[in-house]
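Spelled out, the chains give:
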Amino acid sequence: MVKLIIDNKEIEAEEGKNLLQACLDNNIYIPNLCYLHGMDNPPASCRMCFVEIEGEHKPVTSCTVRVKDGMVVKTDTPDIRQLQRTALQLLLSVHDVDCAHCPANKKCELQRIAKFLKVGLKPKRLELLLKEPEIDDEHPLLDYYPNRCVLCGKCIHVCKTKLGQPLLAFARRGFYTTISFYGEKPASDLNSSCKNCLACVEICPVSAITLKNDSDQIAEA
Amino acid sequence: MNLASNENPDQLFSAIYEEAKRRRNAFKEADVPKIHIGMATCGIASGAIETKNAFETVLAERKIEARIHTVGCIGHCYAEPVVIIDNPGFPPIFYHQVTPGKAKMLVKYFLEKGDPLFEHLLGAMEENDLIPAVTDFPRFRQEKRVVMEKCGLIDPEDIYDYIAEGGYLTLVKALKLPPEDIITEVKNAGLRGRGGAGFPTGKKWELARTAKGQQKIVICNADEGDPGAYMDRTILESNPHLVLEGIAICAYAVGARKAVVYVRAEYPLAVKMVAKAIEQAKDLGLLGKRILGSSFDLEIELFRGSGAFVCGEETALIQSIEGNRGMPIHRPPYPVQNGLEGQPTVINNVKTLASIPHILDKGATLYRETGTEKSPGTAIFSVVGDVVHPGLVEIPMGVSLRTLIFDICGGIPNKKDFKAVQIGGPSGGCLPADFLDTPIDFDSLTQAGAMMGSGGMVVMDEDTCMVDVPRYFLDFTQNESCGKCTFCRIGTRHLLNILERITRGEGHEGDLEQLEHLSEEIKKGSLCGLGKTAPNPIITSLMYFYDEYEAHIKEKRCPAGMCRPLTAYYIDLDKCARGCDACVGSCPVEAIFTTSNRKKGVDQSLCVKCGECVVACPPEYNAVMKVSPPDLAPIVERPVDD
Ligand SMILES: Cc1cc2nc3c(=O)[nH]c(=O)nc-3n(C[C@H](O)[C@H](O)[C@H](O)COP(=O)(O)O)c2cc1C
Numbered sequence: 001m002v003k004l005i006i007d008n009k010e011i012e013a014e015e016g017k018n019l020l021q022a023c024l025d026n027n028i029y030i031p032n033l034c035y036l037h038g039m040d041n042p043p044a045s046c047r048m049c050f051v052e053i054e055g056e057h058k059p060v061t062s063c064t065v066r067v068k069d070g071m072v073v074k075t076d077t078p079d080i081r082q083l084q085r086t087a088l089q090l091l092l093s094v095h096d097v098d099c100a101h102c103p104a105n106k107k108c109e110l111q112r113i114a115k116f117l118k119v120g121l122k123p124k125r126l127e128l129l130l131k132e133p134e135i136d137d138e139h140p141l142l143d144y145y146p147n148r149c150v151l152c153g154k155c156i157h158v159c160k161t162k163l164g165q166p167l168l169a170f171a172r173r174g175f176y177t178t179i180s181f182y183g184e185k186p187a188s189d190l191n192s193s194c195k196n197c198l199a200c201v202e203i204c205p206v207s208a209i210t211l212k213n214d215s216d217q218i219a220e221a
Numbered sequence: 222m223n224l225a226s227n228e229n230p231d232q233l234f235s236a237i238y239e240e241a242k243r244r245r246n247a248f249k250e251a252d253v254p255k256i257h258i259g260m261a262t263c264g265i266a267s268g269a270i271e272t273k274n275a276f277e278t279v280l281a282e283r284k285i286e287a288r289i290h291t292v293g294c295i296g297h298c299y300a301e302p303v304v305i306i307d308n309p310g311f312p313p314i315f316y317h318q319v320t321p322g323k324a325k326m327l328v329k330y331f332l333e334k335g336d337p338l339f340e341h342l343l344g345a346m347e348e349n350d351l352i353p354a355v356t357d358f359p360r361f362r363q364e365k366r367v368v369m370e371k372c373g374l375i376d377p378e379d380i381y382d383y384i385a386e387g388g389y390l391t392l393v394k395a396l397k398l399p400p401e402d403i404i405t406e407v408k409n410a411g412l413r414g415r416g417g418a419g420f421p422t423g424k425k426w427e428l429a430r431t432a433k434g435q436q437k438i439v440i441c442n443a444d445e446g447d448p449g450a451y452m453d454r455t456i457l458e459s460n461p462h463l464v465l466e467g468i469a470i471c472a473y474a475v476g477a478r479k480a481v482v483y484v485r486a487e488y489p490l491a492v493k494m495v496a497k498a499i500e501q502a503k504d505l506g507l508l509g510k511r512i513l514g515s516s517f518d519l520e521i522e523l524f525r526g527s528g529a530f531v532c533g534e535e536t537a538l539i540q541s542i543e544g545n546r547g548m549p550i551h552r553p554p555y556p557v558q559n560g561l562e563g564q565p566t567v568i569n570n571v572k573t574l575a576s577i578p579h580i581l582d583k584g585a586t587l588y589r590e591t592g593t594e595k596s597p598g599t600a601i602f603s604v605v606g607d608v609v610h611p612g613l614v615e616i617p618m619g620v621s622l623r624t625l626i627f628d629i630c631g632g633i634p635n636k637k638d639f640k641a642v643q644i645g646g647p648s649g650g651c652l653p654a655d656f657l658d659t660p661i662d663f664d665s666l667t668q669a670g671a672m673m674g675s676g677g678m679v680v681m682d683e684d685t686c687m688v689d690v691p692r693y694f695l696d697f698t699q700n701e702s703c704g705k706c707t708f709c710r711i712g713t714r715h716l717l718n719i720l721e722r723i724t725r726g727e728g729h730e731g732d733l734e735q736l737e738h739l740s741e742e743i744k745k746g747s748l749c750g751l752g753k754t755a756p757n758p759i760i761t762s763l764m765y766f767y768d769e770y771e772a773h774i775k776e777k778r779c780p781a782g783m784c785r786p787l788t789a790y791y792i793d794l795d796k797c798a799r800g801c802d803a804c805v806g807s808c809p810v811e812a813i814f815t816t817s818n819r820k821k822g823v824d825q826s827l828c829v830k831c832g833e834c835v836v837a838c839p840p841e842y843n844a845v846m847k848v849s850p851p852d853l854a855p856i857v858e859r860p861v862d863d
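Residue numbers (the working numbering), protein chains in the order written: chain A, 1 to 221; chain B, 222 to 863.
If we strip away everything but chain A, and leave its shape as in the complex, we get:
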């Protein structure tokens, strides 16, 4: 065990432990979307979990830092908060904010982070950029909503963990990057592979992958 100081509070953690995890375990919340407990190499792609570490001249993503003895960490500086707010506003600028009709409502990570950072869900400063089509329904069981998705990649990660060869992948590039089903298998194979799993549906922090018709049921309910 080593000692480190986070937001002026002394904390003990295992040497080499993931710093983000160490903070979360000690009830210090740092907004994050793409990190999962136990990941060897977190993707560090959501760019939310920034902290300042004494001796480093720039903010760093806490999910890529390992705990060291004597480390002094700040999670709540104005710079950090501004960076996190910008990241969130960017994500919201491509997000179809329609919480009432979304199965993730009230358990949505974006809602949680927005509340934590005191950011409105409909940022006025950035233009809203939504994609077409709204739903990718090619999977026999599941629907994918690109305008909800934050591209955290958790679904790919859990699918890969379960199957070795994931049935989900990032597709396209840049702004048009999306999650695509199938991997290398034909669509007809998905039914049997996916029916008893649904790990991707469960892990998705924003209900971008749902069982077919899930959202309609909510709307009707």
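If you are wondering where the hints come from, they were derived from the structure by calculation, not from laboratory data.
The beta carbon of each residue, even a glycine, is placed where N, CA and C say it ideally should be.
Keep in mind that a hint or two might mislead.
What the hints assert, rightly or not - Just the calculated beta-carbon pair ranges, DEER-fashion: (1) B:R725 to A:D96: 25 to 33 Å; (2) A:P133 to B:A798: 52 to 60 Å; (3) B:K595 to A:E12: 38 to 46 Å; (4) A:E54 to B:G387: 48 to 56 Å.
Claimed, not checked - Derived DSS-like pairs (lysine-lysine); straight-line CA-CA distance at most 27 Å: (5) B:K753 to A:K131; (6) B:K371 to B:K242; (7) A:K131 to B:K744; (8) B:K424 to A:K68; (9) B:K753 to A:K58; (10) A:K74 to B:K753; (11) A:K124 to A:K106.
Starting from the known structure of chain A, fit chain B with the ligand onto it as the hints suggest.
Just chain B with the ligand now, with coordinates in the frame of chain A:
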């Protein structure tokens, strides 16, 4: 100490060297003309194959004996196809733009009759009493060729041509040195990586050498994706063995037995040249197992990348070799700690590795005589855009931008003024005229807000819109973003959208603050170098050309007259010649009509602002005017019965 030799590499190599010398002498001493034709991609694009065919046909027809020697690129793009003729009794002469017709003439007049056709030559390749030497031109005089010394002079497909020039001798020398000494020499030379960031090469090698791992790997980065940049391609096409020799020395120094050359598949000729060079070097025992009888083994593989800009980023490059989607991953760990296949991996740029044989051959002290204290050696730029003599230029570090653009590359064509220069490709910045005296070195360019980058340089004249330029680069980076991280994926898209709006005349208050704010945040928040540098063209143009942005937003005016929605063409009725119809036929949309007094007018509602009428209007009238904002164009009514 860790000497690789248990046999004497000198002895084994000397047989190879003797053979190279023998071939070279046979070629040189043959009492026939030698015709050296530049056949790299740029030469071929300008018609070098047709030129070569023409030479062959005419030589055969006229029964003249001559040797055709295909060489790489000498870097003088404006002069392609380039031919150097070495006719006994004359100094070697440099001919420019040698079309098949010119080739025939050269055979007929120069080879047959001894008339060197002064009107077609650029100069002699060496000082002499007969023909002015090319060194009279600043382009030749002020360049300092270290890496490109042999480019365009030797046949890249013939390993003996390289060896006859002293090639692979430095590898032989290296194999007799302890690897640590080589690293020390590279460190003392102060070599900094030419891939963009300028990281000290010796230090990188040392880190790799001392890193723990079962085996070490060397990667030569030839992804080269900057728009308008072609330094690495040219070197690989013109002197691939120089790069292989550099790789071999690096591998020996860091203790690697495997190396990969990562070339984009869009460079088919470079791919071919490297593949052939690897084969030839293997055949002579200069690569492969027990190189020159030593205990040093090295396999060099060629990997063809599919041409994504982001795959030039070292972690994405490794992902791509491993068969994954080319997405960068967080550093540290750096590739020198944990790279390809999890092994310590040195990734160096083509130019970095190509500098190594020279450094080891001449020594660190001599290498440092060129360049500046903190940026020793030479810089290679592909200078393109609005310059008289575009091309590849190798200059000592520390030369000013002014010297490079105005002396070496001949300045701005068509009597226009210089406006800005974009250095460092899409990740770099635009510098205005005030910065022309900035020395070209890693630190000065970074300080000015641009960056050395890998060697892309775009010169822009007064007609360039400084809002449109960053728009162009953002369009590029936004397309090339891998989509992994939030800031780059979404942030650059917003930047591009705002710039597009401004160039359409739809900018509004707050846009510039938003551009500034987002740019800073994207720089800070992005995962890899692509996102971290993508806003640079915006940041620098806002810094140096703020008033142009304001003109677009507040006055709906494009000062350079480039942004179509913000400009209009009209016909000056005082200048327009009654009865002249030259412009009418040039208009693709029939926007030009005849006025009641038989002059011409432009129907603004139809005009697509292509500018064809400007070209069509006879110079003696010069009546078509371009204005911005568009409402400055006087309204000329179309006659009702027209
Ligand atoms: C988006 C991006 C593209 C890059 N493209 C290239 C490239 O085409 N060639 C290159 O040598 N380095 C490129 N780099 C830099 C490499 O990551 C790496 O720093 C370099 O190859 C190291 O070589 P050096 O030490 O010899 O400079 C790129 C970096 C980024 C962020």
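* Index of numbered hints that the structure contradicts, given in increasing order -> none
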